[in-house]
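J.: What follows is the residue order along each chain.
4 protein chains.
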Amino acid sequence: MLNVALIGSTGAVGQEFVVALNRHPWFNLTHVVSSERSAGKKYIDAIRDTQSGILKWHNREPVPGYIRDTVISKLDDINPKDFDLIFTAIESDAAQTIEPKLATHVPVISTAAAFRYESDVPILIPGINDEHVELLNKQKEDRGWSGFIAPLPNCTTTGLAITLKPLITNFGVKSVFMTSMQALSGAGRSPGVVALDILDNVIPYIPKEEEKVQIETKKILGNYDYQSKQIVSDELKVSCTCTRVPVSDGHTEVVFVETSKNTDPESVAKQMMHFSDNISIKGLPSAPKDYIIVNDDPTRPQPRIDREVNDGMTTVVGRLRKDSVFENGIKYVLLTHNEKMGSAKGAILLAELLKTKKII
Amino acid sequence: MLNVALIGSTGAVGQEFVVALNRHPWFNLTHVVSSERSAGKKYIDAIRDTQSGILKWHNREPVPGYIRDTVISKLDDINPKDFDLIFTAIESDAAQTIEPKLATHVPVISTAAAFRYESDVPILIPGINDEHVELLNKQKEDRGWSGFIAPLPNCTTTGLAITLKPLITNFGVKSVFMTSMQALSGAGRSPGVVALDILDNVIPYIPKEEEKVQIETKKILGNYDYQSKQIVSDELKVSCTCTRVPVSDGHTEVVFVETSKNTDPESVAKQMMHFSDNISIKGLPSAPKDYIIVNDDPTRPQPRIDREVNDGMTTVVGRLRKDSVFENGIKYVLLTHNEKMGSAKGAILLAELLKTKKII
Amino acid sequence: MLNVALIGSTGAVGQEFVVALNRHPWFNLTHVVSSERSAGKKYIDAIRDTQSGILKWHNREPVPGYIRDTVISKLDDINPKDFDLIFTAIESDAAQTIEPKLATHVPVISTAAAFRYESDVPILIPGINDEHVELLNKQKEDRGWSGFIAPLPNCTTTGLAITLKPLITNFGVKSVFMTSMQALSGAGRSPGVVALDILDNVIPYIPKEEEKVQIETKKILGNYDYQSKQIVSDELKVSCTCTRVPVSDGHTEVVFVETSKNTDPESVAKQMMHFSDNISIKGLPSAPKDYIIVNDDPTRPQPRIDREVNDGMTTVVGRLRKDSVFENGIKYVLLTHNEKMGSAKGAILLAELLKTKKII
Amino acid sequence: MLNVALIGSTGAVGQEFVVALNRHPWFNLTHVVSSERSAGKKYIDAIRDTQSGILKWHNREPVPGYIRDTVISKLDDINPKDFDLIFTAIESDAAQTIEPKLATHVPVISTAAAFRYESDVPILIPGINDEHVELLNKQKEDRGWSGFIAPLPNCTTTGLAITLKPLITNFGVKSVFMTSMQALSGAGRSPGVVALDILDNVIPYIPKEEEKVQIETKKILGNYDYQSKQIVSDELKVSCTCTRVPVSDGHTEVVFVETSKNTDPESVAKQMMHFSDNISIKGLPSAPKDYIIVNDDPTRPQPRIDREVNDGMTTVVGRLRKDSVFENGIKYVLLTHNEKMGSAKGAILLAELLKTKKII
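Chains as they are written, first to last, in the working numbering: chain A, 1 to 360; chain B, 1 to 360; chain C, 1 to 360; chain D, 1 to 360.
Possibly wrong hints are sitting among the right ones.
Said to hold, decoys possible - Below, computed lysine-lysine pairings styled on DSS-like, alpha-carbon distance capped at 30 Å:
hint: 1; chain 1: B; residue 1: Lys358; chain 2: A; residue 2: Lys174
hint: 2; chain 1: C; residue 1: Lys218; chain 2: D; residue 2: Lys322
hint: 3; chain 1: C; residue 1: Lys270; chain 2: A; residue 2: Lys42
hint: 4; chain 1: C; residue 1: Lys138; chain 2: C; residue 2: Lys355
hint: 5; chain 1: C; residue 1: Lys56; chain 2: B; residue 2: Lys212
hint: 6; chain 1: A; residue 1: Lys42; chain 2: C; residue 2: Lys289
hint: 7; chain 1: B; residue 1: Lys282; chain 2: B; residue 2: Lys212
hint: 8; chain 1: C; residue 1: Lys208; chain 2: D; residue 2: Lys174
hint: 9; chain 1: B; residue 1: Lys289; chain 2: D; residue 2: Lys42
hint: 10; chain 1: C; residue 1: Lys208; chain 2: B; residue 2: Lys56
hint: 11; chain 1: B; residue 1: Lys208; chain 2: A; residue 2: Lys270
hint: 12; chain 1: A; residue 1: Lys56; chain 2: C; residue 2: Lys270
hint: 13; chain 1: B; residue 1: Lys237; chain 2: A; residue 2: Lys218
hint: 14; chain 1: B; residue 1: Lys358; chain 2: B; residue 2: Lys218
hint: 15; chain 1: B; residue 1: Lys212; chain 2: A; residue 2: Lys174
hint: 16; chain 1: B; residue 1: Lys358; chain 2: A; residue 2: Lys261
hint: 17; chain 1: C; residue 1: Lys218; chain 2: C; residue 2: Lys81
hint: 18; chain 1: B; residue 1: Lys56; chain 2: C; residue 2: Lys237
hint: 19; chain 1: B; residue 1: Lys101; chain 2: B; residue 2: Lys74
hint: 20; chain 1: C; residue 1: Lys357; chain 2: A; residue 2: Lys270
hint: 21; chain 1: B; residue 1: Lys237; chain 2: A; residue 2: Lys261
hint: 22; chain 1: C; residue 1: Lys237; chain 2: D; residue 2: Lys218
hint: 23; chain 1: D; residue 1: Lys322; chain 2: C; residue 2: Lys237
hint: 24; chain 1: C; residue 1: Lys289; chain 2: A; residue 2: Lys56
hint: 25; chain 1: D; residue 1: Lys174; chain 2: C; residue 2: Lys218
hint: 26; chain 1: B; residue 1: Lys41; chain 2: A; residue 2: Lys208
hint: 27; chain 1: B; residue 1: Lys41; chain 2: A; residue 2: Lys322
hint: 28; chain 1: A; residue 1: Lys261; chain 2: B; residue 2: Lys101
To be verified - Listing some non-contacts, in silico: residues in chain A with all C-beta distances to chain C over 10 Å:
hint: 29; residue: Asp45
hint: 30; residue: Thr50
hint: 31; residue: Ser52
hint: 32; residue: Val194
hint: 33; residue: Asp200
hint: 34; residue: Tyr205
hint: 35; residue: Gln214
hint: 36; residue: Ser228
hint: 37; residue: Gln230
hint: 38; residue: Thr263
hint: 39; residue: Ser267
hint: 40; residue: Asp290
Hint data in this document are derived by calculation from the structure and do not stem from the laboratory.
Think of the CB as a built atom: it goes at the ideal place given N, C-alpha and C, for glycine as much as any other residue.
With the hints as constraints, model all of the structure from the sequences given.
T.: Following this line, the structure appears as structure tokens:
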């Protein structure tokens, strides 16, 4: 068992970590850190609204017993060296200063965007770009750190990159148009999306989201050049429009792909469905049975029906059709659970991979 | 004043016609036709549920006084020759047999898809493809009719074709990717979309919709060859994915356009905003002040805020940006009111145009 | 193991039965009956839309393997005597004629309202009015049947009657005002509530619902007079207003109760929380750990958070307060899962009780 | 024309005032006050998000031209004596200190709760308790003010008090049970209700709301004792449960009323419908044609259909039925627009009344 700390434990993502680490076979969450205001309180009291006494707990599962009485630490009171691994669930601004201090001593897996775009930082998705793990060694060496920072991608990037991977491998991908219909939980809860703004409505804009997806997708799907020790972003072109819809959980993405070789929906479906047969996530504790499921019911995927498939760790694809603009092209709709594979539980899957690769 | 009849007057679209023709300066709705079951009843009684006594009236405006006591006719009881113009708001199957019988005698403007794809039938949008009106003369001649059938486009096509028109004229258009997020009212009410299926959900499929939009867009934007007397569909390529979202009215469409010439968002915005300055709809009773409005607030257009602009006759465009895949490309989001410009009120605007062109 | 048939197996409630009977320790579902149209097909094909090939399956859990290939029977093709028990999930009109024919031979547990209000038919809720089971014997005798008809209450009655029971026992109840905010699934799916009618809306009327709740509550909470062999309805007075809200599952009910004796929220909470300690449902396979949970967080119960508690078999109570009108009164809010305890799974719980009572 | 200032002009309620005072025939809004941060800016710039440049404007009508360039004042920079009347749209805490300072010099009409429960402060609804206006004179005298503070009731109280008034007058009212289903806009926008908390949900609690409604209703419907110069609260008893539902605008309230005399739905309907025939609001610029409308369609009132009746100034009543618990009782459902009659526009109606009574 590895000893694990969590920085940012009472917010929406922090709560997901607390649930996902409950009875984890490899990771033992011994310390939870939160703001000064919460430090010294028991976890269960720290998530209680002081005025009303109401629990600010956002998961459907109740607060796990193992964490209820754990006392929240201040950041300064923990010694990073006491841990084998630290998860962070904090805002990008805070991550900018906190994460390097921790990574000096210990591996850090982060849900923040702060370091995603630095040249010695890979954006890892287990089974998609495992060779980028190599870059963590360079990061440690160059920065003189005992640990490293390994950030997750943006939750909208994850499902897109996963589904593009078998396309790249088998048919080549030249360009991608993607329109997202993103869930409310992607915007968090402080305050997140105000109900009056989204009821009976679509908001056709999510600040910075499109740029993130466009850059991250190319980086994740790029090759690792072992010579120069850097990631060479894939040459595929990506154009996105990201919107918010009145859906609680589960990002729907409409994708049009230009492939290099000719292909057809049946071949693509086959490659997607068998994609996880032989990849590295096989057997990891948090890995789903299938990384991608292709549903041939034309009304699927639907967020309300499909987001919980394999506890939100599977990307569900539907509406695979030949494209009518590209000479060689395919189009489809995907659904990815932004709070599970796209967030805390995806971070834990990454930790599991890095442990099997012995870099943690 | 022209004498007008309406076939299919008690359904959702029929009710919109009844509202939109209230106090119309040119058209006098003298006869309303509905199914056998309703014939002989007053309009107000025909829309009343016989069991519960509840009015099945779907507009926010109350039932107009002028129509309340009008007695519903059977189709067989009216003589088409008594009218200058007939509007139809019936299902495609019924339209297939009914509309030709009427058109033998009188101009028919239809919201049904039944005849849209025949070679001697134009799909008209006032101000967009007025030269296609010419084909109505050929239709009359070839079929030996005194009237003609002039169908509206599908409600999802309308906003797309309107916004593409100034792009074609000024920059040329080679290909278009469009993802729609369509409103519930587009599916009607008998029963339309069931609440349980769409609450907290997106349905990524609308039967036949994508094919309709792809074919209609090319036909509408095609040229009329006066020599051969036929429409030559535009060569632009279109690829669509059509989805249903929990929004009552107003279709949102996310559009990626490859242009022939290089352009930029400012030039496109200018062409769109000035598009209606000199087109044929100017001065028509149902025409909006602007056919297209470009909003530079990045959070717009939003269905709840923008669908009622100019009583739903304006297409609102936002998020105009340079595209990141196409060498010459632009992307934007549009909002079009599927029940106003995209349906009954759009049909009346078309009738107004045809009257000024003296073909009615 | 008892052999069980299900009449009405492909509709929304029928599908719930199919899920809830999967791997049931006591009941073996061997025959499923549906309309002529479905008879002869495999279950999995019978729930498939013939035109589109789409599965019309409404549960989040997939179609259980055990039932996929079971061939649907016609009603006339099964022999009631082959079964120990028959569940029905059909409309009231059909139940009126079908259920007596079956009950002549075998016990019938019904979700329909058809026989609820007959004097020799109890409306049973396990643990609430078990002594009414006695009336089934009289029903058998008087009607000369080998079986009987035992209908469930309306799904809105269930939670109200369960929470009133400990109040009656401990404090006496004189009158009740109840306002319901009912879920969409209570209206079924054919077509049920149309999305356009309920989005951003409340519909303050559900036909016949208020009368049902008012009558059923009194009957369920009445005493069984062993002498005259009839149920004497409780003398409490009930007044309801039933509304529909945009919630998928889970009926919320706001209750104001006048008690006979003085009481306070703490005493009521205690009686409710310990209510199921010693009642007959203890140990039944479908029984929840607690029949009633009282939550002292003032923002609870909420349908989205609380409806799945104990797989929907628990009534969650909150906002217990002293009433400000009644001299002796209490008010609270309850949440009951209309598709679980209020429907198929509640029917199975009843069957389990009747088996332990050896009347099945 | 009276010169008017508005304190708290950029928030949700402030924006409503700005719209409702546009082209008002009697009131000329010359000065708008807001926080230090906004002071010195033009109104149009003060409501613009400084980071994104997005207008934070919540009305469907665009920002009225008359106010766009008005420069926001600091509170300290205006001289209360320059105005005939001041409207406030601020939080209760701020109102506590600001309103008395203003009222020393000038009449203040307030949407805040701060002074509602003081013995020399009436809670006025035009046409309901006009004799309470008299208390404003005592307030001025006792406090030695040139002006006074006249607060509106809570938006949930308004519709209830209006509909109870004709019941009290004609039949007497002994007790009332009310369950509200309140709209999102009642909670404001900073941040108001978070979308994730209310989608597919009901929240059965609104802090302090029930106490407010219970106390205010009795005070509003009380008599003014000219001798002792105080309001004697009505003796009717009120018990409420207030809930939040996923509806944008319009509070629905389910009401059970015990009357002193026997009555029936027809008599009540008649009294309600004719209630505004002879009351003081007749002819005021903001008064609706009818203060109460009774709809006999059992599916009404519905917020989406009925909230805009008479621009939200009419309370719509439906489902009038005899009650089944009370010996003399009636039950009904009402709908009141919380942002129109229940807020800014209601405040302006009150100002109009006070002007005709020459106390302004």
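J.: Of all the hints numbered above, which does this structure not satisfy? Sort the numbers upward.
T.: 1, 16, 17, 18, 20, 26, 27, 28, 31, 33
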